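**Q** Given the sequences, and given the hints that come with them, work out the whole structure.
Heads up: the protein sequence lines correspond to chains D and E, in order.
Each residue of the first sequence is one higher than the one before, counting from 1 in the numbering used here.
Each residue of the second sequence is one higher than the one before, counting from 1 in the numbering used here.
One thing to keep in mind: the hints can contain errors.
[Claimed, not checked] Only pairs whose alpha carbons sit at most 30 Å apart, straight line, appear in this in silico BS3-like list of lysine-lysine:
#, chain 1, residue 1, chain 2, residue 2
1, E, Lys35, E, Lys134
2, D, Lys86, E, Lys202
3, E, Lys215, E, Lys202
4, E, Lys96, D, Lys86
5, E, Lys240, D, Lys86
6, E, Lys35, D, Lys86
7, D, Lys86, E, Lys160
8, D, Lys86, E, Lys256
9, E, Lys240, E, Lys96
No wet-lab data here; the hints were simulated from the structure.
Since this is a predicted model, take the numbers as computed values, not measurements.
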Amino acid sequence: MIQQLNFGDLLPYWDVFARGLVFTIVLTLTSTVAGIGLGTAGAWARTFGPKWAGALTRAYVEVIRNTPFIVQLFFIFFGLPALGVKLSEDVAAFIAMVINLGAYSTEIIRAGIQAVPKGHLEAGVSLAMSRWEVFRYIVLKQAFMKVYPALSSQIIIVMLGSAVVSQISAEDLTYAANYIQSRNFRAFEVYIVAAVLYLMLAIGLRALLRGIGRAIFPKG
Amino acid sequence: MNFVTRAAATCAAVAVAGALFVSAAAADALADIEKAKLIRIAVPQDFAPFGSVGPDLQPRGYDIDMANYIGKQLGVKVQLVPVTSANRIAYLQTHKVDLVISSLGKNAEREKVIDFSIPYAPFFSGVYGIAGDKVTDAASLSGKTVGATRGAIEEQELSKLAPADATVKRFEDNNATVSAFVSGQVDLIATGNTVAATVAEKSPNRKPELKFVIKDSPCYVGLNKDEPALLAKVNAIITKAKEDGTLATFSETWLKAPLPANF
Chain D
1 MIQQLNFGDL LPYWDVFARG LVFTIVLTLT STVAGIGLGT AGAWARTFGP
51 KWAGALTRAY VEVIRNTPFI VQLFFIFFGL PALGVKLSED VAAFIAMVIN
101 LGAYSTEIIR AGIQAVPKGH LEAGVSLAMS RWEVFRYIVL KQAFMKVYPA
151 LSSQIIIVML GSAVVSQISA EDLTYAANYI QSRNFRAFEV YIVAAVLYLM
201 LAIGLRALLR GIGRAIFPKG
Chain E
1 MNFVTRAAAT CAAVAVAGAL FVSAAAADAL ADIEKAKLIR IAVPQDFAPF
51 GSVGPDLQPR GYDIDMANYI GKQLGVKVQL VPVTSANRIA YLQTHKVDLV
101 ISSLGKNAER EKVIDFSIPY APFFSGVYGI AGDKVTDAAS LSGKTVGATR
151 GAIEEQELSK LAPADATVKR FEDNNATVSA FVSGQVDLIA TGNTVAATVA
201 EKSPNRKPEL KFVIKDSPCY VGLNKDEPAL LAKVNAIITK AKEDGTLATF
251 SETWLKAPLP ANF
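**A** In structure tokens, the structure reads:
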């Protein structure tokens, strides 16, 4: 039997989709900014930081990169309350995303930092730049320029991975799709719409990241 | 399509004819049971706490206790016949068993083909919370967060009943809903009484207590139509069990909760 597609049944739920879409966008943007910040700090700790900070960062990166995202999420949402740390599903989702992206971007940015020629650092020091100035103006800018495409891909992956936060009742785009599907049983149509929305989000995010890249690195 | 309709009609006709024939064959099931000194009762074996297989490989549960109780009251031996929820009514209609005690709910379709006793076990979905929580009805959920499993009947009803400032958090499956309650991420949960019984046993720190019932569909003993003598006898036994506290004991043992007041 061929099923008739009926997108009209989704119309009464357009606001549920809209709210889910906004949630996913806000969650992705905020956690990207914080995650890249965390990744930059981690990369600094592993290259220029004190030994103990480097070891700590290394342990953090290994733990996060070698465990599934959903387990990290469940640990934060269902596990931490046992230690008295009770976070709402929105905050838990945000923290899990930041921690996850932080670990991956630590490694990506560290690769960029290591690709900066040593002579550039020495040149900075000989111009009487402080250690911070060398890191900020010589190392970081070049490092980001080199790894920007890899970083962009990781951000897209994290955005798509955010679908998992629906499992802790955070009301993102996937939650909206699951909710609508449980009400009108139009699974095929609902997930077609959800997939198209994610696709548009990914394309839009890529365009945004390319625009930002052009603005920051005019020659790159 | 035409073929399907015709095939369905034929099947239905055969089924009806078969049912008529079979029920005409057995005149008085109660007399037969008393003569044979044996009653055959269909029980579940895959639906704890109503019926499951214990560590000693023997069936156990609310339904098994109920079946044995009825046998004892009748003064006959009990033969337990394990069934699934899909085939339990067929077992009854084909006279492979005399009674179905298998967490059977009542609905209009079933009432067309079999008879039901008075209810013998409470089965309902409700809103559960910890002991101190002063929730008594849907309106008092205001300002609270309630966890429920998305798409489940209690979640859909709750979405209609809950006031606007109550938060319903929907989870993908029963386990996540239960975890949310046990970890304190939600104040209350909407779930079935059997699930709540299991949680109460495994989570003594946050023991779910019934706050109010969302949907009530108690379990009935199913028996074949046109058996007034057997029906009257079963109803009398259930009434007695209710009065002498046997049902209350079953409820405490298997459902970890007293019988609801209106039961």
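**Q** Hint by hint, say whether it matches the structure.
**A** Here is what the structure says about each hint:
1. Distance hint between lysine 35 (chain E) and lysine 134 (chain E) is unfulfilled; the C-alpha atoms sit about 55 Å from each other, more than 30 Å.
2. The suggested pairing of lysine 86 (chain D) with lysine 202 (chain E) holds, with an alpha-carbon distance near 21 Å, which does not exceed 30 Å.
3. For the suggested pair lysine 215 (chain E) and lysine 202 (chain E), the alpha carbons sit about 24 Å apart, so the restraint of at most 30 Å is met.
4. Restraint check for lysine 96 (chain E) and lysine 86 (chain D): the C-alpha separation of about 55 Å exceeds 30 Å, so the hint is violated.
5. A C-alpha spacing of about 49 Å is found between lysine 240 (chain E) and lysine 86 (chain D), which places the hinted pair above 30 Å, so the restraint is violated.
6. Only pairs whose Cα atoms come within 30 Å are accepted, and lysine 35 (chain E) paired with lysine 86 (chain D) is rejected, the gap being roughly 65 Å.
7. In summary, the hint linking lysine 86 (chain D) to lysine 160 (chain E) is supported, as the alpha carbons are separated by about 28 Å, within the 30 Å threshold.
8. Our distance criterion of 30 Å between C-alpha atoms is met by lysine 86 (chain D) and lysine 256 (chain E), whose separation comes to about 29 Å.
9. Under the criterion of a C-alpha separation no larger than 30 Å, the hint pairing lysine 240 (chain E) with lysine 96 (chain E) is consistent with the structure, at around 27 Å.
Comparing the model with each numbered hint stated earlier shows that hints 1, 4, 5 and 6 do not hold.
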